[in-house]
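Residue numbers (the numbering used here), protein chains in the order written: chain A, 1 to 434; chain B, 1001 to 1434.
Just so you know, the hints here were simulated from the structure itself, not pulled from any lab data.
Ideal Cβ positions, reconstructed from N, Cα and C, are used throughout, including at glycine.
Please note: incorrect hints may appear among the correct ones.
[Stated by the list, open to error] Okay, derived cross-link-like pairs now, BS3-like style, lysine-lysine, Cα gap no bigger than 27 Å in a straight line:
1) K227(A) / K1227(B)
2) K23(A) / K1227(B)
3) K1023(B) / K227(A)
[What the hints assert, rightly or not] Per the computed footprint, the stretches of chain B lying under chain A, defined by three or more beta-carbons under 8 Å from a beta-carbon of chain A, are:
4) 1039–1049
5) 1224–1236
6) 1243–1254
7) 1260–1266
8) 1415–1424
There are 2 protein chains.
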Amino acid sequence: MPVFLDSRDDGFEAAFSTLLSAKREDAPDVDDAVAAIIADVRARGDAALIEMTERWDRLRLTPGTLAFTPEEIEAECARVAPADRAALELAAERIRAYHMRQMPADAQWTDEAGATLGWRWTPVAAAGLYVPGGLASYPSSVLMNAIPARVAGVERLVICAPTPDGTVNPLVLLAARLAGVETVYRIGGAQAIAALAYGTETIRPVDKITGPGNAYVAAAKRRVFGKVGIDMIAGPSEILVIADGDNDPDWIALDLLSQAEHDESAQSILITDDAGFGRAVASAVEARLATLERRTIAGASWRDFGAVITVRDLAEAAELSDRIAPEHLELCVADADALAARIRHAGAIFVGAWTPEAIGDYVGGPNHVLPTARSARFSSGLSVMDFLKRTTMARMSPEALRAIGPAAERLAQSESLGAHGLSVRARLDRLNAG
Amino acid sequence: MPVFLDSRDDGFEAAFSTLLSAKREDAPDVDDAVAAIIADVRARGDAALIEMTERWDRLRLTPGTLAFTPEEIEAECARVAPADRAALELAAERIRAYHMRQMPADAQWTDEAGATLGWRWTPVAAAGLYVPGGLASYPSSVLMNAIPARVAGVERLVICAPTPDGTVNPLVLLAARLAGVETVYRIGGAQAIAALAYGTETIRPVDKITGPGNAYVAAAKRRVFGKVGIDMIAGPSEILVIADGDNDPDWIALDLLSQAEHDESAQSILITDDAGFGRAVASAVEARLATLERRTIAGASWRDFGAVITVRDLAEAAELSDRIAPEHLELCVADADALAARIRHAGAIFVGAWTPEAIGDYVGGPNHVLPTARSARFSSGLSVMDFLKRTTMARMSPEALRAIGPAAERLAQSESLGAHGLSVRARLDRLNAG
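Modelling step: build the complete structure from the supplied sequences, incorporating the hints.
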């Protein structure tokens, strides 16, 4: 049974706090194992990768077969059904169009002191994308990671994807090709992250690594952070739906279940101002669970972490939502735009009942890599910005230095940084002499 | 002696690679100690903070004296010399003006499918800034961290700063006041980071922690990352100066020394196309070292990590610079703008010989918190973006769902996510029925 709360009840605050702080996932401590794997890849390169891939993926590789050949990719892509290909192409096109709008502008101006200031954005030179194998091998995630990188202008974009027993999802390779990925390596786990960060004889190191993965991959990303950039470390997925009583309970039930079916640790929460509607949705969830393909996973998630919260009004719903800071927020109320305007902390908002969250997973355009576990309080979903960096620029005219140099000299002295002050003073003396 | 390299020499590539990969700092392993400190603060709150502050800062506090009172801050600020105050005010004003230009715009548009898409930026609600005590207690860093937060719109901004034996730098408190900091706590170390991340009876938790610190602070920031946002973990500072033979060797020597004087692990590199000029700069460094206040630190840095590299031409200088990806890059050449345009990886560029790096440390306007240790390949200096997060928005009209919904359904099926597909299908069925 999911938890049912009512904001008018005594003890609501305590129960809501418990819901907020509930730990949904026990990450196994694989840090020592991962440290050893990284050290081994750094020491032995390709040989270590090949050995580990044989051990864990039951696949014999050579340096020459670490990467798929263009012919292999072509052959796999040819197996994709035309309808799947068309859907993937539509998704790629829409994701690209959205992310192109994110490109930030360079700036340059000269201020009244005569200082020319500004900044310039440049792409990272090379990025590596991790794509999990097995059940969580999602072609949509390939698009969501690779397209922002390409839009940013990343020149070299590679994928590491384990292929247990040699199996690969052709849609993953097609998505890679649609997104302009250069090379796809048949390796996974912490060893793949090590290879991307440090390079081997065959694999050139990259500057940024993104993409989801299991506990080993996450621990390896944490370890190589600093040597390379990484995206966030994602936790289990979550959705909050705020819905009034005028919705079809079945639609809302399906939206909740589309999060719950990801993972037994996923979380689906409904907030409504209509207690009867809340009960109707809970019934609809049970009804749909009876026939859902992934009912075991979705049922466990809903039972263990699901919640239905009745509130006095939508203003209170917005307040609770900001405390949850949900990864996905669906607003199914009469004036969804007005409610959206009240929200401060959320990864992505799906506005109105015609926008099921699943649209955002695939074809909406915005990125589906979003901050989990309340981190929308301080972080954002993946974007082109993750593949760009900003260089600030400053150019002083002699007049500008004359105007603001003395203040710099003074502050340097107050911080006991003598050479700082002298580097300004030497130039001011020249100006005063000239 | 710094290292002298010439790109025409045999063995240059090997020597340059060694320079690139030289480890300048051995971070002590304090991770277990830090884990214990964080656990203690989480368990015992204020009591733990007070105990640790007495032990390490020799200062007896109570919950009521953890923070400076407004009267105490006022009294300290009154001690600041007028010239120092004026310099700090000029710096604050220029930093604010620069960072206001960084505010990104929200966006919203409706595409041809009928989908209304966009994003919205919102500030983090609360941020905590760590300010080291003792030698590295820089008022300029208070401005550089706090002003972007305030420009971003952060409502609650607090500082933690250790005050060993009760001593405090009045300029730090004045900088805090100029920057709009709400509260300054007299605590430091890993315990301060724990208090900011998890809160105590007296200290409310924040959403984002920034600011430099020692190995304990850095390890604590790494540990609380995820619970709250953090800025980068900074390594020792570094400068690369590219200068032609038409410069005053003394100016360039002072610029190199203004980095070297920060820290024995700092690094200063000169690249020049004029070998004789390189030798003249090295002589000027020695001459200045004789009288520099911080000659012991600066001398050790220059001797151990300094380098003078002679190249064939400025194109080669730009290539080497991108491999170094320097935190600070000074371009003292005839056409500095043209050279700047060739650079891809640098934290901040100081264009032309009238722009010593020290200007950027204080009053230039751009931020002085910049990516170190080659991380300018994939990351940027501190900015208002660090205190903002983006919420993506999507709203489908019924027509938009009809146009792109089937592709989402298809992709959901290909990823075996049944409820995803059904959440779209249920709405499409209604449309088709209607």
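How the hints compare with the structure:
A hinted pair counts as satisfied when its Cα atoms are at most 27 Å apart, and K227(A) with K1227(B) qualifies at roughly 22 Å. Restraint check for K23(A) and K1227(B): satisfied, since their Cα atoms lie roughly 12 Å apart, inside the 27 Å limit. Taking the CA atoms of K1023(B) and K227(A), the gap is about 12 Å. The hint holds against a cut of 27 Å. As drawn, the stretch 1039–1049 of chain B meets chain A at 0 residues by the rule of a beta-carbon pair under 8 Å; below three, the given contact is violated.
Look at the stretch 1224–1236 of chain B against chain A: 4 of its residues bring a Cβ nearer than 8 Å to a Cβ of that chain, three or more, so the hint holds. Residues of the stretch 1243–1254 of chain B lying with their CB closer than 8 Å to a CB of chain A number 4, which satisfies the three-residue condition for coverage. Residue count for the stretch 1260–1266 of chain B with a Cβ under 8 Å from a Cβ of chain A: 3. That meets the three needed, and the coverage hint holds. Using a Cβ-Cβ cut-off of 8 Å, 10 residues of the stretch 1415–1424 of chain B lie near chain A, which meets the minimum of three, so the contact claim holds.
Checked against the numbered hints listed earlier, the structure breaks hint 4 alone; every other hint is satisfied.
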